[in-house]
Amino acid sequence: MTNTDIDETSELVSFPIQRTCPFAIPPVYTKFREEAPVSQVVLPDGGKAWLVTKYEDVRAVMSNPKLSSDRRKKEFPVVVPGQNAALAKHAPFMIILDGAEHSAARRPVISEFSVRRVAAMKPRIQEIVDHFIDEMLKLPRPVDLNQVFSLPVPSLVVSEILGMPYEGHEYFMELAEVLLRRTTDEQGRIDISVQLRAYMDKLVEEKIANPGDDLLSRQIELQRRNGGIDRPQLASLCLLVLLAGHETTANMINLGVFSMLTRPELLAQIKADPANTPKAVDELLRFYTIPDFGAHRLAMDDVEIGGVLIRKGEAVIASTFAANRDPAVFDDPEELDFSRDSRHHVAFGYGPHQCLGQNLGRVELQVVFDTLLRRLPDLRLAVPAEELNFKSDALVYGLYELPVTW
Amino acid sequence: MRLEKDHDRCIGAGQCVRTDPRIFDQDDDGLVKVLIERPRGADEAAAHKAVFICPAKALSLAED
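Just so you know, the sequences run in chain order V and A.
Using our numbering, read the first sequence as starting at 1 and increasing by one per residue.
Using our numbering, read the second sequence as starting at 407 and increasing by one per residue.
Heads up, a few of these hints could be off.
Cross-link-like lysine-lysine pairs, in silico, DSS-like; alpha carbons within 25 angstroms at most [said to hold, decoys possible]:
#1 V/Lys-279 with V/Lys-138
#2 A/Lys-455 with V/Lys-138
#3 A/Lys-439 with V/Lys-122
#4 V/Lys-66 with A/Lys-463
#5 V/Lys-122 with V/Lys-312
#6 A/Lys-463 with V/Lys-202
#7 V/Lys-89 with V/Lys-73
#8 A/Lys-411 with V/Lys-66
Going by beta-carbon spacing under 10 angstroms, a handful of chain V positions derived as facing chain A [stated by the list, open to error]:
#9 Ile-110
#10 Glu-112
#11 Arg-116
#12 Arg-182
#13 Thr-183
#14 Gln-187
Short derived list, chain V residues pointing at chain A, Cβ under 7 angstroms [to be verified]:
#15 Ser-111
#16 Ser-114
#17 Ala-119
#18 Asn-210
#19 Leu-336
#20 Ser-339
#21 Tyr-350
#22 Gly-351
#23 Asn-359
Note that these hints are calculated values from the structure, not bench results.
We put the CB at the ideal spot given by N, CA and C, even for glycine.
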């Protein structure tokens, strides 16, 4: 009796694991977490990876310096077709760098997103939210909240932070949507990357010629003082900030509004007192954990995670979604509960790569939920909830449209 | 108990400041500043929470 690799592979669960219910975690995650919290799965290209599903283990993976984020490495697990070829069209994004290289890329930017800096942006964010509500109120009902509000708000916020002309946002948003679609093929992803790269290169050149009071201008000035402007690196930074800063927030706005419109008791909690909103925002972040394709790592050395030996050269996927539904850490984790303190969730990741813009995202969501639900007390879904189209095929979970009326 | 910070590890996520802005702040570079080095009572509980929540393990509590 031989124990072949083929026989073993045929029994492995395929990753990514799609959501079928908008609220519940796929049962296979729960089964893994309970029975084999560090187990092998098979990836779309036939490669294998260790899937990690317990909160404690997920944090251990994401903070272990022996587990690399460097997608330029040939052995790096491939979950999305064309991802590595598309990445090769850009100077490395900070999210794929390790150790000192990562630190050198992140350090110059962190003060731009400090708690104090983000708090200072709040009045402008409020103006932007009010502006798009004013515009929405002029439209015939129903409207697609995603198109007229959820996407425009973070797009304008992040455009202003970078110093990018808002006129370009529609073009950018169309490209980004295709890039983040899981079904986009390899060539499609490469083509979009080339276009986005050209767009960002142009923005960097324009900003060098005409600096302003914005993140990109300050980075250019800092680099100039330190010996020279690294244009490709700046283009990658801008693209990362844009990609990370608008789709994600838009999806959380849609999912948050959807949750409150279908759960009156949650809506009542938000309306009762604005002091409840920050907790509600973190609970929504925990509950939906929208980038649920997991954090991918490559073992640079033998590492033990959750009692399992992961050997050098093997791939690891840390499921932040499974971690955020771990009953060992969150009581009754399948319940969306605005009164709980869930701020230790890992929806923004964990370890040195934890989301740089997380405090901006939180403030945007707080202002949006407080303002939208106060100014439109009769806001309601314009179609039955069962007809909504959830993004279970995208890299970032959310809703394709959110038809609402008032 | 004494709160210690490690600037080499700090990634400026600001989770400590959000845990308790009386105990923590961020400097001009966005790195952690400890305002109360010897937290007591409720401050000590908040300090423990900040240590747990810090994504970069840049904070620790040392025995005196």
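The hints, checked one at a time:
Restraint check for V/Lys-279 and V/Lys-138: the C-alpha separation of about 32 angstroms exceeds 25 angstroms, so the hint is violated. With a CA separation close to 46 angstroms, the supplied pair A/Lys-455 and V/Lys-138 exceeds the 25 angstroms bound. Between A/Lys-439 and V/Lys-122 the alpha-carbon distance is near 23 angstroms, which keeps this suggested pair within the 25 angstroms criterion. For the hint linking V/Lys-66 to A/Lys-463, the alpha-carbon distance of about 16 angstroms falls within 25 angstroms, and the restraint holds.
With a CA separation close to 46 angstroms, the supplied pair V/Lys-122 and V/Lys-312 exceeds the 25 angstroms bound. For the hint linking A/Lys-463 to V/Lys-202, the alpha-carbon distance of about 39 angstroms lies beyond 25 angstroms, and the restraint is violated. Of the supplied pair hints, the one linking V/Lys-89 and V/Lys-73 holds, its CA atoms being roughly 15 angstroms apart against a limit of 25 angstroms. With a C-alpha separation of about 23 angstroms, the suggested pairing of A/Lys-411 with V/Lys-66 holds against the 25 angstroms cut-off.
For V/Ile-110, the shortest C-beta to C-beta distance to chain A is roughly 3 angstroms, which falls under 10 angstroms, so the interface hint holds. This hint holds: V/Glu-112 has a C-beta 8 angstroms from the nearest C-beta of chain A, less than the 10 angstroms allowed. With a least beta-carbon distance of about 6 angstroms to chain A, the hint placing V/Arg-116 at the interface is held under the 10 angstroms criterion. For V/Arg-182, the suggested interface contact is broken, since its CB lies about 27 angstroms from the closest CB of chain A, more than 10 angstroms.
Interface hint status for V/Thr-183: violated, as the beta-carbon distance to the closest one in chain A is roughly 32 angstroms, over 10 angstroms. Given the 10 angstroms rule on beta carbons, the hint for V/Gln-187 is violated: about 36 angstroms separates it from the nearest Cβ of chain A. Satisfaction of the interface hint for V/Ser-111 is found here, the shortest Cβ-Cβ separation to chain A being roughly 4 angstroms, below the 7 angstroms cut-off. Look at V/Ser-114: its Cβ gets to within about 4 angstroms of chain A, closer than 7 angstroms, so that hint holds up.
Here the hint on V/Ala-119 is broken, as its CB sits about 10 angstroms from the closest CB of chain A, past 7 angstroms. A least Cβ separation of about 26 angstroms between V/Asn-210 and chain A goes past the 7 angstroms threshold, and the interface hint is therefore violated. Annotation: V/Leu-336 was flagged as interfacial toward chain A, and the flag is violated, the nearest CB pair being 21 angstroms apart, outside 7 angstroms. About 18 angstroms separates the beta-carbon of V/Ser-339 from the nearest beta-carbon of chain A, more than 7 angstroms, and the hint is not met.
Look at V/Tyr-350: its Cβ gets to within about 5 angstroms of chain A, closer than 7 angstroms, so that hint holds up. Hint status for V/Gly-351 relative to chain A: holds, with the closest Cβ pair at about 6 angstroms, below 7 angstroms. At about 5 angstroms, the closest approach between the beta carbon of V/Asn-359 and any beta carbon in chain A falls short of 7 angstroms, and the interface hint on this residue holds.
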